[in-house]
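**Student:** As a plain string of letters, each chain reads:
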Amino acid sequence: MADDARKKEILEKLKNGVIQYDEDACKEGAQEAVDGGLDANEAIFDGLVAGMEEVGRLFEAQEYFVPEILMCADALYAGLDILKPHCQQMDLGLKGSVVIGTVEGDVHDIGKNLVKMMFDVAGFTVYDLGRDVPLDQFVEEQLRTDSDLVCLSAMMTTSMIGMPKIIEKIKAKNPNCMIMIGGAPTSKELADKWGADGYAEDASNALKEAIKMVSFLRKLREEKAAKK
Amino acid sequence: MGKAAVAVRTFSAASLKELLAREGATLVGVGDITEGLSREITHLNRGIALAVNRSLNRDTVDLLVRLERIAVKWLKERGFRSLAIPPDSDRINDKLIAKLYHLFSHKTAATCSGLGWIGKNGLIINETYGSKLSWATVLTDAPIEPDRPLTESQCGDCTLCVKHCPSGAVSGQSWSRGEPLKRLVNYEKCRSLKKVRPRFEEKPNCGLCITICPFSRNGHKQG
Ligand code: B12
Ligand code: B12
Ligand code: SF4
Ligand code: SF4
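From first to last, the protein sequence lines stand for chains A and B.
If you're matching positions, the first sequence starts at 0 in numbering that gives the first Met the number 0 and goes up one per residue.
If you're matching positions, the second sequence starts at 0 in numbering that gives the first Met the number 0 and goes up one per residue.
Please note: incorrect hints may appear among the correct ones.
What the hints assert, rightly or not - Now the in silico label distances, taken between C-beta atoms and shown as ranges:
#, chain 1, residue 1, chain 2, residue 2, range
1, B, 147, A, 135, 52 to 62 Å
2, A, 35, B, 61, 36 to 46 Å
3, B, 180, A, 156, 33 to 43 Å
Stated by the list, open to error - Simulated coverage check for chain B against chain A, where a stretch passes if three residues somewhere in it have a Cβ under 8 Å from a Cβ of chain A:
#, stretch
4, 56-63
5, 75-85
6, 106-114
What the hints assert, rightly or not - Once the Cα atoms are required to be at most 30 Å apart in a straight line, the calculated DSS-like pairs of lysine-lysine come out as:
#, chain 1, residue 1, chain 2, residue 2
7, A, 192, A, 227
8, A, 211, A, 172
9, A, 7, B, 94
10, A, 83, A, 94
11, A, 223, A, 172
12, B, 16, A, 26
13, B, 188, A, 6
14, B, 162, A, 26
15, B, 106, A, 83
16, A, 26, B, 98
17, A, 170, A, 6
18, A, 7, A, 94
19, A, 227, A, 164
20, B, 72, B, 106
21, B, 16, A, 83
22, A, 83, A, 170
23, A, 94, A, 187
24, B, 188, A, 223
25, A, 94, A, 168
26, B, 75, A, 26
27, A, 172, A, 187
28, A, 218, A, 164
29, B, 94, B, 75
30, B, 106, A, 6
31, A, 7, B, 75
32, B, 94, B, 16
33, B, 98, A, 7
34, B, 188, A, 83
35, A, 207, A, 187
36, A, 187, A, 83
37, B, 188, A, 26
38, B, 94, A, 6
39, A, 170, A, 226
40, A, 94, A, 218
Quick caveat, the hints were computed from the structure, so don't treat them as lab data.
Yeah, the Cβ is synthetic: ideal placement off N, Cα and C, and Gly gets one too.
Here chain B stands alone, though its shape is the one from the complex (with noise of 0.2 Å):
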């Protein structure tokens, strides 16, 4: 309370980044996030990046959230602020603050602090993981330095994902941080393939475009 009149002072994240790390974080980040803010939440212009290499099940959703507690923790003793945007954050209802999750994409906070690339599957791509990981941030208004953004597609030639999307979703564009326009995958189709096959009813959706990644066959070896 009452810094603001303080030089800010960037700082290093690194004991909070270990100690998640500890506590079973697979990946963790910090990117600057002050170009993808909407006015409510300008002032919170760090993002924590939390992800475990681990599908979005009930307990990943637990496990993420249990991490998202200590960072929050973790910020409150120094004197921050944070706000906690949990990994399901489109099926929470039953609080105030739900209405303004939307207002902020986990992808956004992974690209900035360098965790990852859009592929042309339109998931977080991981060099190691793929997109076998699942994903929660912590915004937060510490100066914590950042880590150095990825803003440009690593996919190259590849079309894998392309082709095999049964439901003909992804459009074969590659990602850039300066075109956010670009629609990478069309999600009334992926969404219409949970309708006609019923196996997927219990999961969000097929995720073909996650197995078929090279990138997420790496990830998968590795464990």
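Isolated chain A, as found in the complex (with noise of 0.2 Å):
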């Protein structure tokens, strides 16, 4: 394990090199803490998100625009390559499957991409329908695999009002399927409001509310077989 100093000269390399949407510097960072033993979770959410926290700001204060973000997106991406395959593999001893997709309209992916990442790690399996997913295609493809969990992402207030829609007709379709929220404009309150089942304000909480979830299922799953 590296020292504090070095790790925390690695972790800033990765933030800054997000942020000046250097790819070179992001890989090299990356490089630096698979080499110098860093643990790649913290790499990456300590790192790199942190660095695009930091672009969501200048975003907003139109410091940045389009070209810029979607730069900063590829040098971000550029040192998650390097550091997903050395991700701690976590054996929770509960694996759940899950359905994954940023709704209708919108095409910010990253955050959504960080927790499936997540899920990955912790080995569930994942159906990942990527971005400005249809809504309808959330209930066919969750029919089609009967997967535990659906996870919606959205990043704008306009797209996220498709979420409720979806909801309802998995609810409709499969009421033993449970439903989680996500991305910056969602909240608890709009979680519990819609009728899903669980929200998370970040990926490390995604994964810990999935497992919630998941073992809840598994118990009522066994209860109800009981009870046969």
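Grab the two chains, each in its own frame, and use the hints to assemble them into the complex.
**Tutor:** Here it is as structure tokens:
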């Protein structure tokens, strides 16, 4: 394990690499993290994602515009490609299946991809529908795969309004499936209001929530089976 | 950052041009490209046009990309934004930023920086090298003093490329910046040649409109 000063230096490099849309710096930083034995998850979230958060602020302050944001995202992905294979596979004794995607009208998929990555690391089976996913496709994919969970991501107030429609349809067809929502404009309150079973504000909490939900589902099924 | 409030003072990019020339650029120019920009990139209103006198193969692409990186680094060190459009912009699809590449043509930066006009053959013609050049562009918000643009064709009465194009794609009209809708080259016809002449398979196309051009032949002689 690298010493603290070195670790801080690497995290800064990853963060600034994203902010400065410098793919090479992100790749270098990621490789240094791997070679230095840094926890890959930490490098991703405290390095790359921390940078993207700052980019979000720069965008809002109109310091950055669409081209810069796209280049920042490319830099983030360049680092992610190197770090992802080094994420510690976690054995949480429980593996669920999940359908995930960004809802119709919304192309923001960085957050969704991070949530997906956490599921991958935990050994979940993930059916990724991508971004700008037609609402009905979530319903169809859930029925096709009989997944435990459906995870909906939205980053815009204009696109998140599709969520309650999906939730309603899935619940009507398959009441045993659980739904979690997330993305910057969403909240615990909205999740409750729309009848979603869960909400998380970031990727690691998304996994924790998912584990809770899946174990609840399993228990329910066991109880049902016991009654028969 | 926070520089928006400061009055914009233009500065010379002579040292950047020298640096790029040392690193292998044949031509470097800076154009005011304000007129040629679509909404997403209006803040990047200078185009640094880069050219090397080589045909567009893998090594040429690598060289141009290396030059673009040098320019980007130079600009970032001075606190400016930049967007490098690679020479083979149409072939890159594994990046998010690639979706914006089509918003800008290397030809626009070249004419705006006075490094060439658009010939009857639809290509950038430089006085010395003709169209025997491969191009790349770095867009930036650095208020660099722009070079003088070329706005009219200098082809004159020459019609060599019109006569010799095997697909009859070159219409023979003269380019003028004020008349952007003129269709100089019928690209469908140009493309169709590639299908019937398989020996161009590995090349973008026959390129006769380059070799036939008197300006290109000058360039060839000079090296
Ligand atoms: C990057 C970005 C883009 C990129 C997207 C690239 C990509 N492939 O994703 C590009 C440039 C394409 C883009 C385009 C646009 N964008 Co934009 N964009 C952003 C930006 C700067 C950052 C988003 C991001 O990636 N954050 C980093 C990630 C890691 O965080 P995250 O997404 O929040 O994800 C975390 C959590 O939310 C959570 N999470 C996410 N999903 C899920 C799902 C579940 C189930 C769970 C549990 C948790 C969870 O976990 C994640 C990881 O911890 C935000 C600003 C901001 N401050 O958020 C604006 C922002 C989202 N965009 C905005 C807008 C308006 C647009 C455009 C309309 C702009 C335009 N004029 O072109 C277009 C819209 C295109 C479309 N139809 O979708 C607005 C939305 C405003 C609104 N209406 O609500 C924002 C908020 C900026 C602003 N303040 O104006 N954008
Ligand atoms: C797609 C493409 C093709 C396609 C279609 C051609 C086309 N539509 O231009 C095909 C396959 C047919 C093709 C063929 C060739 N291509 Co080609 N191609 C491109 C590519 C990738 C994109 C061009 C494009 O679509 N631009 C969008 C349109 C709207 O713009 P445009 O026509 O290019 O440019 C116009 C504006 O710039 C405008 N303009 C000029 N000044 C100004 C100023 C202002 C203020 C404004 C508003 C506008 C403006 O006038 C121009 C002409 O109408 C470029 C690389 C690039 N990213 O630019 C290479 C590029 C244009 N091709 C190139 C070459 C060399 C060729 C070929 C000779 C094949 C070869 N050996 O590589 C043939 C020649 C055919 C011909 N006579 O033009 C070179 C040209 C070099 C030069 N000296 O000009 C380029 C620049 C590649 C490079 N990096 O060097 N090509
Ligand atoms: S590349 Fe060949 S076919 Fe195309 S315009 Fe030039 S001469 Fe004609
Ligand atoms: S061959 Fe003649 S007409 Fe054609 S581009 Fe060259 S100078 Fe212009």
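**Student:** Could you work out which of the previously given hints the structure breaks and list their numbers from low to high?
**Tutor:** 2, 4, 6, 7, 13, 14, 15, 17, 18, 19, 21, 22, 24, 30, 33, 34 and 37
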